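Participant: What follows is each chain in one-letter form.
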Amino acid sequence: MAEAPIISATAPRRPHRGWRLFIFYSSAVLLTGLVSMLFADLLWRTGWSASRTMLLTLFVILFLFIAIGCMHGVYGFALQMFGTRQRLTRLADYRTQTIAGISTAIVFPVFNENTIRVYEGLRATYESLKKTGELERFDFFILSDSTDPDKWVEEERCWCDLVRDLDALGRIYYRRRLNNEGSKSGNVRDFLNAWGRRYRYFMVCDADSVMRGETIVDLVKLMEAHPGVGLIQTVPGVVNAESLFGRIQQFANRLYAPLFIAGLNYWALDLGNYWGHNAIIRTEPFMQFCDLPQLPGRRPFGGQILSHDFVEAALLSREDRGIWFAYDLDGSYEEAPQSIIENAGRERRWCQGNLQHSMVLFAKGLRGLSRLHLILGICGYLAGPLWLLFLITFNWIHWYQKNTGLSEITLPAFNPYLANWSGTAHALLIFVICMAVIMLPKALALIDLAFDGARRRAYGGLARASLGVVGETVFSTLHAPLLMLWHTRFVVSNLFGVSVGWSPQKRAADGTAWVSAIQRHWWHTLVGLIWGVLMWRLDRTLFWWFTPVLAGMALSIPLSVFTSRRSLGARARKMDLFLTPEETAPPPELVALRASMKVHELTDDTTPRRRHAGLAEAVLDPYVNAIHVSLLREKQLNPVYAEELARLGAGSEAARALGEKLLAQGPDKLTAAERSLVMADAHTLVWLHQQAWLRPDELLAPWWKAMIREFSLREL
Amino acid sequence: MDVSMESAVSGAAGQLAGRPLDEWNAAYVKVENYFHALRVRNKALLGQLVLRVLERAMRRAPAEPDRSATQLAAEEMDRLVIEWFAAVLQESPANADQMLTTRGRLALLLADMPGRWQEQFLRPGPWPPEFVSAMSETYFRAGPDFQLSKMTPRSLDLGPITTLTNLGRLPYVRMALVWIGFALLLIGVFWLTHGGFEQTRSRLSSLIDWFTQFYR
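So the sequence lines, in the order shown, correspond to chains A and B.
Under my numbering, the first sequence has 525 at position 384, and the numbering climbs by one with no breaks.
Under my numbering, the second sequence has 170 at position 159, and the numbering climbs by one with no breaks.
Note that these hints are calculated values from the structure, not bench results.
Treat each hint with caution, since some may be false.
Counterexamples of contact, computed for chain A against chain B with all Cβ distances above 10 Å [as the list claims (entries may be wrong)]:
no.	residue
1	A233
2	D234
3	T237
4	E355
5	I402
6	R712
7	P722
8	M738
9	E794
Simulated DEER-style distance windows between Cβ atoms [stated by the list, open to error]:
no.	chain 1	residue 1	chain 2	residue 2	range
10	B	M110	A	E355	38 to 46 Å
11	A	T725	B	W138	52 to 60 Å
12	A	V573	B	W190	33 to 41 Å
13	A	E460	B	Q158	21 to 29 Å
14	A	K810	B	G58	35 to 43 Å
15	B	P139	A	L854	27 to 35 Å
16	A	S793	B	R90	42 to 50 Å
17	B	L197	A	V615	47 to 55 Å
No experiment lies behind these values; they were computed from the predicted model shown.
Even for Gly, the Cβ is constructed at its ideal location relative to N, Cα and C.
Chain A on its own, in the form it takes in the complex (with noise of 0.2 Å):
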């Protein structure tokens, strides 16, 4: 392939994006204007504090969150209903550009992940690029940063297979980096180091990202419509999810996040969002500017950059290259978290990432926007703990109102319309408004599709639809307080420096195992059972306006256990409920996907692997020895590989040494360090995979006689 020209970046254009900005977020303060007008006229009613002056100064916040939330599905449905020309694709006449000549990169980076299902992805998303001719322009490239070296065996075999299977071989690429430095973003810059500049674009998946042929190519064309563009990132449905929980926040994001969206996009346009995966980048400008610096100071906060994709995106941005969200272009989707502690799993991670992105709030030359986007960001993580401490006040105020025995309500309001309401009910209408500008972005959600008739179907009717709303929304109520809780933990944690642990959960055969579930969510329990048998003391009345709150920290144990249920899914499905465009008519690549995976289940042994069952593979097997000696081989083609084998002391005495020792002692003997210098030598691997075969059994470890017989029995 050629070397892609460099292209000279031409002044973009810039949309007239003030006024937008400012009618936007003016809605969203003008209503927090209001209704924190209203609620401080019933804090003054009951008597200033220094307590209510918290309280009230929480709820502006926390309101502001949920107004801007509304905002962007009040605005998303006006665009949705009326028609926007502020959209990429609308922009230009994009279809009708060539690609001929101009390569891009299709990328996976994968950690340690489920390979069968990281490869079908890739299979499908080949396969649909193929139907459409242009497959020459697409290279793709499994980025491999796994640790785990039967991670590392089995990729290498797996893509080895795949590439048989396709006849791509010199179209799919494997690569596996010798360390992890800089995580995700280090690999990808790895990658680019080293083959960057033959592909004038990239494309960043995950590792359960699926993409559709003509989507990919669309987004080649659109680049090369608009020069100036540096990325465009696609919305990412959520699809094949199977227990309750997956289906649940499935529906959700297929329904709302088209609106949600569309508002992004309002007020952002061509300085819209990175969210790492599903998008397309321009290589060039990237690799300029885009090369992540590490933070001052310590982690959490300091060091390398966590979630690296908002800042790319600034960096972009800072550089006036566009980035947009193409988000009428279907076709991409990515999968999601099948249960709560899964969920909750992620959300920690991404909490400290978002946190973190407080160090770069302030860097110079960054477009307000960007910075916008970064405090959102951060925003989504602070709400837990600043509604947790709204609750706690709101509870302490009323408790020493009540033991203090003063009136509660000591003045009428001063709004006149008020004026003769109790506080009951002056509370009550400032409740029901919370909850309409919570609930609003769903109806107009419901709205929108009733206007439109095949995603109406395609959502099992207008009916259906709505009973999953309801649905959804009773989920969410009851799991918000969890994620209030777990968020404020994660938030309080990264601001004392302390990592959260996480051991990866017990899965039962059909989700979330019990033990796991109460290992998980005792201390939620504990929290909701105490809360409401004081609350319950305190103010019967109060305690049954909290009872959403407090059953789902008490009831979290099921909860979490029969929504990871995907018998549960599945009668929900039965049922036509949380149905989504996907479930109703599968796009031809989640069906060949879906149908790789089912073959998969239904013929792969699933009998737990032996402990170093890869190093055995990669010793004994003469093919799995052959692959993974030759991509060590190549490896050392480049001179940063080369270098960084020969520090690891791959071909060194040493390394033979430990060879010698793994074959009379057995892989325990070794430490994993010195495991993997075995596994990085290609001469001690060919030496090892000869020694194995030849040597009489009383000079092998008893594990190889053990690994040869089992290999023996083994249908290949």
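Assemble the complex: chain A is given as a structure, and chain B must be docked to it using the hints.
Facilitator: Frame of chain A; chain B shown alone:
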């Protein structure tokens, strides 16, 4: 086969080529396992190949009494495979190095020997031209040619954050923090001695009262 089995196996009762039968059985299993690992799935072919290796080992056995039948068979298997790779890939077995065996095994895999060419494996030439070309023309690339470059991080002026993160390193900041702590202590003392103490005590006692009532 160039050596007859009868001449190779001659020896005392319960022995083959001067080795106990059990030893040859173990050697058979070892060689069979390796060919099984190479995915030679046809049982007849597999048995034939194993016997061929054993025959070579049995020829060596009388001259090398210190070595077990398994060792001899394994070595012969290795040699036979290398010689065959060298012949098919047209390389000299005398110069055979690690590269040849790796390349040979990879060629077997990519030419789909287990699926399409099982009967050709270890068979002396001439081989079908299609097989030879499949073996010799396969290439294995995990990536395109490197076009190396080096991304370098651009400096990012973090503004006040840089100042904040550097503050802790400055000696006078710690001193200022001590002063601030002292000032806060003074404010606390002032507050407690000007009604704050009573206020706190009254709030605490009412809280304790409430809890006492709660537990009754």
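Participant: Flag every earlier hint the structure violates by its number, smallest first.
Facilitator: 12, 16
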